[in-house]
Each structure stands twice: as structure tokens, then as C-alpha cells.
Amino acid sequence: MVLKTPRISRQALPGQFLEIKVADSYEPFLRRPFGVHRVRGENLEILYEVVGKATEILAQKKAGEYLDVIGPLGNGFRLNITHSTLNILVAGGMGVAPLMFLAEKLAETKHQVLIGAKTKSQIFCEKEFQDLGSDVKISTDDGSQGFKGKVTDLLQKILPHAISHKPLAIYACGPRPMLQEISRISKKYNIPAQISLEEHMACGIGACLGCVVNTRAGYARVCKEGPVFDADKIVW
Amino acid sequence: MGMNPNVQVIIGRLKLKNPVLVASGTFGYAQEFTHFIDLKKLGAIVTKTITLHPRKGNPAPRTCETPAGMLNSIGLENPGLEVFIQEKLPFLKKIGVPIIISIASEEDPEEFIVLVKRLTKIKEASAIELNISCPNIGHKSLIAQDSKAAYNLIRAVRKVTTKTLITKLSPNVTDITEAALAAQNAGSDAISLINTLTGMSIDVETKKPRLSTITGGLSGPAIRPIAVRMVWEVYQKIKIPIIGMGGIIDTFSALEFFLAGATAIAIGSANFVQPRITIEIIAGLKKYLAENKIKDIRVLVGALKV
Ligand SMILES: Cc1cc2nc3c(=O)[nH]c(=O)nc-3n(C[C@H](O)[C@H](O)[C@H](O)COP(=O)(O)OP(=O)(O)OC[C@H]3O[C@@H](n4cnc5c(N)ncnc54)[C@H](O)[C@@H]3O)c2cc1C
Ligand SMILES: Cc1cc2nc3c(=O)[nH]c(=O)nc-3n(C[C@H](O)[C@H](O)[C@H](O)COP(=O)(O)O)c2cc1C
Ligand code: FES
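Residue numbers (this note's numbering), protein chains in the order written: chain A, 1 to 236; chain B, 1 to 306.
I should point out that these hints are in silico values taken from the structure, not numbers from a laboratory.
In this text the structure is predicted, and so the values were computed from the model without any measurement.
A few of these clues could be false.
Straight-line C-alpha distance at most 25 Å; calculated DSS-like pairs for lysine-lysine [claimed, not checked]:
(1) K118/A <-> K159/B
(2) K207/B <-> K53/A
(3) K94/B <-> K233/A
(4) K41/B <-> K15/B
(5) K94/B <-> K224/A
(6) K148/A <-> K105/A
(7) K159/B <-> K207/B
(8) K17/B <-> K224/A
(9) K287/B <-> K207/B
(10) K233/A <-> K187/A
(11) K123/B <-> K148/B
(12) K110/A <-> K61/A
(13) K137/A <-> K187/A
(14) K159/B <-> K224/A
(15) K166/A <-> K118/A
(16) K53/A <-> K208/B
(17) K148/B <-> K159/B
(18) K56/B <-> K40/B
(19) K110/A <-> K157/A
(20) K17/B <-> K286/B
(21) K117/B <-> K224/A
(22) K224/A <-> K150/A
(23) K293/B <-> K15/B
(24) K187/A <-> K157/A
(25) K4/A <-> K21/A
(26) K208/B <-> K118/A
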């Protein structure tokens, strides 16, 4: 979905998100968070999956309608744009959404994109990443495309080779178990990883204390201190 | 016509330039809203409840959406009294609106006395709200559910402070007027109602509760009719002012509370949805009064026609 949001488009950084009120009614009552997928001039894109009330309503919007949007919110990815670093982007399922914007910013650097999903039809943005010049590798749980297995297994498979490129940096977004595995890998191979977390959000602006994740320094708000965290800070 | 209706109201010893407050726990310590509104325009700011000692709060998930509202079980996460004074109060002081500090005890009601004594010495604490009604800290019963206990507590607190005392009541009782009367008789200057209603929601697919603590506090438009009813019941029984809240999302829902008997109102969950809603409602109330040629908002208080 493309939104014309001149101010947000100017300010947004990869990993930041928007809070969208999809309807002017009580149903749904709260806003919903969506990562910034891409920015093109004044236009900003979000990529979403229909999973419930709010996303169903979003899917019915027509070109030219207005949407009530707050953003950009949260802390995004710190970019490592030194030329020697090999940046590895790891996406699980809809986790590709914010990593596209990151890949655009890292397009000039050495980088690889690993995309994983349950099955071939759930692999998104492969071509878009390739158009950026990204080196893209795919994994599916059922083996219908690319490597058969989890995207984190794929990562472990390429790491022994990639490690010769040190320094490496990992950026990941996806389901929680995947991010936990990324943290483990990051620690095992001593590679810094930044992960984008999700939590249920009521406000998205740090006011309700609803969206916490346990970190080594105590609870942190995903919407304010995150959604991107250093993997080694999270207590799983 | 250029009519400029009066919206100033008085709560205890506090003079508020308008009757629109923010509900405790829905506005943090105000910092988060600086990007959205001019904080100076608020009638008063009620801060997130603090306790004597820091509280970590409950594990996630702490919130979930429900029909026309939400459940929360934050568990009174707060940095504790001293850190609040050191780190949060300096910012609040600078805003220039009355700061109402919400406090609660964890185990021992004596903690209220310690908190109140300390806050009484702080000039910028304009008033104290006694949160005796938080449903999310794992106790089986709340002070607000036992009128005698509430009376004794407020009475003890009253003895140690001259600051305006507001008692926040729980709707999770059979007769709200009993608790309200106890608070008035014990020397509370005002009543805040309502806190959240205990509720529960289940994810049928996983058969798991949607909150980590299983039950939590329901807020939002879903609870508004209950809140309005309770304000009306209490208004008929007590003389001290009522700060009404529960599901206010716009000017018209705010007006319901004034008509039911509230002197002031507080905006809660709606701050999450529309961070500018407080300012819109302040403007909306003034416009409504002007359009209806009502000179003073106080005329509306309890003006329900029956
Ligand atoms: C910072 C952040 C960025 C996000 N970015 C994107 C994005 O770019 N694209 C995208 O498709 N989605 C994204 N999400 C998830 C998205 O917010 C939810 O899918 C959306 O809120 C669902 O709303 P709904 O009303 O359609 O579903 P609901 O009716 O609210 O829920 C349907 C089902 O999905 C589950 N669910 C809803 N929200 C979440 C969540 N946040 N975490 C786990 N389970 C959830 C519910 O428990 C329920 O089982 C992001 C979430 C966060 C926190
Ligand atoms: C996320 C959340 C946190 C809350 N925290 C507190 C709190 O710390 N102290 C308190 O007295 N009330 C707390 N409340 C209750 C609100 O102050 C208010 O009484 C209640 O939400 C009803 O108003 P509303 O429907 O407008 O939200 C909280 C409510 C929510 C939604
Ligand atoms: S969603 Fe309210 S603090 Fe993060």
C-alpha cells in the first residue's frame, strides 16, 4: 500500500514504523503498527499481511482515500556502511517488510539477503531485492523453493564461508523464535546482530508501557527503545 | 458573537483553567506527548501511579484489544518515588500546569503515608491521587472494595497532608456510593471515577488468555455507560467534586460525564488512539458552550434532566 506522506517520508529511517488508524470507528479501537517498507520521494509504502480486523479493512481501501497515520516512530537499524563490512539481512515471513527499506540504504555496500517462509507462495520481494542488486538466497520449510529448512539454518550454512569476509553484521526481522535463534547464532559466531521485535501495542508512542520486552537492563518498550534492539541485550 | 464561556473549575484547593485532565497511566509522565500537543493547554496532568519502591511490572503481553476498548495489565510498572522525583518531576514542573501525582501501595497501606509525607514537601505536587483501585498487582481484593479500609486509609493520609487529596475508586464493587461516601467522610477533596473494570479475553485458536496475567483492566468506550452511571449515582450522594472518566473519546462523550455530575473529566485510553484528543476536547467543550450560549461549564454539572 502506497501512502503519500511527505513529512514522514522525509524523516523515516529503516526499522521505524507507523501507527495507523484504519477506520474512524470503535472497531478496531486501537491503531496498528506497520514497518516502513519503502520510501519513494513523498510516497511511503507499507507491506502487510491480512491477519485480522484491521488488516482486512486496510485491504479494502481504494486509491485516493485518506488514512490517519502517526510516524515515523521508534528506533530503527543503525547502518553499517563501512565498505569492508558484509551486511547480512535475514527476513522471516513478513519480516521482509522493513528490511526492504534497509536494503535500499545498504544497496551500495556488500550485502546479502536471506528470505525464509513456510512455502514458496509466502516468499515476498525476491525480485525487488534482486533489482537493488542484492545477493538473495531463499529458504522454505517445505523445500518448495531454495534451501529446505529454516532461514536460520540457511544462515548457519552460509556463515562459514561468509565469515572470511569479517567484519560481518546481521539485521533480522521475523517471528520471535527465529529472532531468538538469530541471537544464539550471533553469540556463537560473535557477529553483532540487530533484530526488529514485535509486541502488542496500544499506543506506539511510549505512553502505556504495554509493549515491553525483557532486556538485560529490565523491561524496555518495543515502541520507544525499539523496535530494533541489539540481539545480545534481549533476555529470552 | 465572541462569547467566551468560563471553563475554569475548582477541585479541592486546585484551580484548573479547564476541566480536562489526563487519566493516570495513559499519559506516562507527559514527556511522550510533547511531540503531539502543547502540554500547557491541559487542565491538569495526572501522572502514572508511583509506588514507594520501583516496580518491574508484569510480563508481556500486557495489552490486548477488545470490542470498543482494551484490556491492560501493566502491573504498575514505575521507577519508584525517589527516581520519580529525581528524573520525572523536573520535566513536569516546567510545564506550568497542575501536576496531580497518583500513588499506590504494594503490600502495606502504610506506604501511602510515607509517600504522602514526602510529596507534601514538594511544592510542584499540586495534588495527590490515591489509587486504591488498581486491579493489576495480584492482590485478591482492593482497598477500594472495602469501604471501612478505604475510610481508615484516607483518614490517616488526611492527617499528614494539606494538599488536595483525590481518591480514585474502583468500579469493581456492588455499590459505588458506599466507597464514595467513605472517601468523602474521611476527608478526600474529590473522587476520581472510574478505574478499569476487571475483564478477560481468550485466544480461541491457542486456548490461551490474551494477557500474561489472565485477567486485566478493561477501558475504552466499552465501559462508558457504566462509568456514566456510576458518576450519576455518586453525584446524588456526595458533595465533593467528581472527576469522571471511562471511555471518553470526544466532546460529546465528555459532555455526558458533566451532565451526570462530573466537575472535571479525564481522558484515558483515547490518548493512545489520538494523542491530540485532549486539546480537541478542550476546544470542543468551549465551542459547545458558546454555541449553546452557556456562560459557565459548571451549569452543566449534574444538569441531567430526569
Ligand atoms: C513494530 C511493528 C511493526 C510491524 N510491521 C508490520 C508490517 O510491516 N507488516 C505486517 O503485515 N505486519 C506488521 N506488524 C504486525 C501488525 O501490526 C499486525 O499484523 C496487525 O496489528 C494485525 O492487526 P489486525 O487487526 O489485522 O489483527 P488482529 O485482529 O488484531 O489479530 C489477528 C491475530 O494476529 C495476532 N497479532 C496481531 N498483532 C500481532 C503482533 N503485533 N504480534 C503478534 N501477533 C499479533 C493476534 O493475536 C491475532 O491472533 C508489525 C508489528 C509491530 C509491533
Ligand atoms: C494502559 C493503562 C494503564 C493504566 N494505569 C493506571 C495507573 O497506573 N493508575 C490508575 O489509577 N489508573 C490507571 N489506568 C486506568 C485509567 O486511569 C482510567 O481510569 C481507565 O482507563 C478508564 O478510562 P478510559 O476508558 O478513558 O481509559 C490505566 C489504564 C490503562 C488503559
Ligand atoms: S505501545 Fe504503549 S508503550 Fe509501547
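Point to revise | 25 Å limit on alpha-carbon distance, applied to hinted pair K94/B and K224/A | key: holds, 23 Å
Review point. Is K159/B within 25 Å of K207/B, Cα to Cα?
Key: violated, 50 Å
Check your understanding: Are the Cα positions of K187/A and K157/A separated by 25 Å at most?
Key -> Distance ~16 Å between K187/A and K157/A Cα, so the pair holds.
Check your understanding: Is the hinted pair K56/B and K40/B satisfied, with a Cα-Cα distance of at most 25 Å?
Key -> Violated, at roughly 30 Å.
Review point. Is the hinted pair K137/A and K187/A satisfied, with a Cα-Cα distance of at most 25 Å?
Key: With a Cα-Cα distance of about 23 Å, the restraint between K137/A and K187/A holds, given a limit of 25 Å.
Exercise for review: Compare the distance between the alpha carbons of K4/A and K21/A with 25 Å, and conclude whether the hinted pair is satisfied.
Suggested key: The given pair, whose Cα atoms are some 15 Å apart, holds under the 25 Å limit.
Practice item. Would you check the hint for K148/B and K159/B, treating anything up to 25 Å between C-alpha atoms as holding? Key: Cα-Cα ~17 Å, so holds.
**Study point:** Satisfaction of hint between K159/B and K118/A, Cα-Cα up to 25 Å
**Key:** It is violated: about 65 Å lies between the C-alpha atoms, which goes past 25 Å.
Check your understanding: Going straight from one Cα to the other, do K208/B and K118/A come out at no more than 25 Å?
Key -> Holds. K208/B to K118/A sits at ~24 Å (cutoff 25 Å).
Review point. Quick one, are K17/B and K286/B close enough, alpha carbons at most 25 Å?
Key: Holds, at roughly 12 Å.
Exercise for review: Quickly compare the C-alpha distance for K17/B and K224/A to 25 Å and report which way the hint goes.
Suggested key: Distance of about 32 Å is beyond 25 Å: violated.
Check your understanding: Keeping to a limit of 25 Å between CA atoms, is the pair of K94/B and K233/A held or broken?
Key -> violated, 34 Å
Taken one by one, the earlier hints fail for this structure at numbers 1, 3, 6, 7, 8, 9, 11, 12, 14, 15, 18, 21, 22, listed in ascending order.
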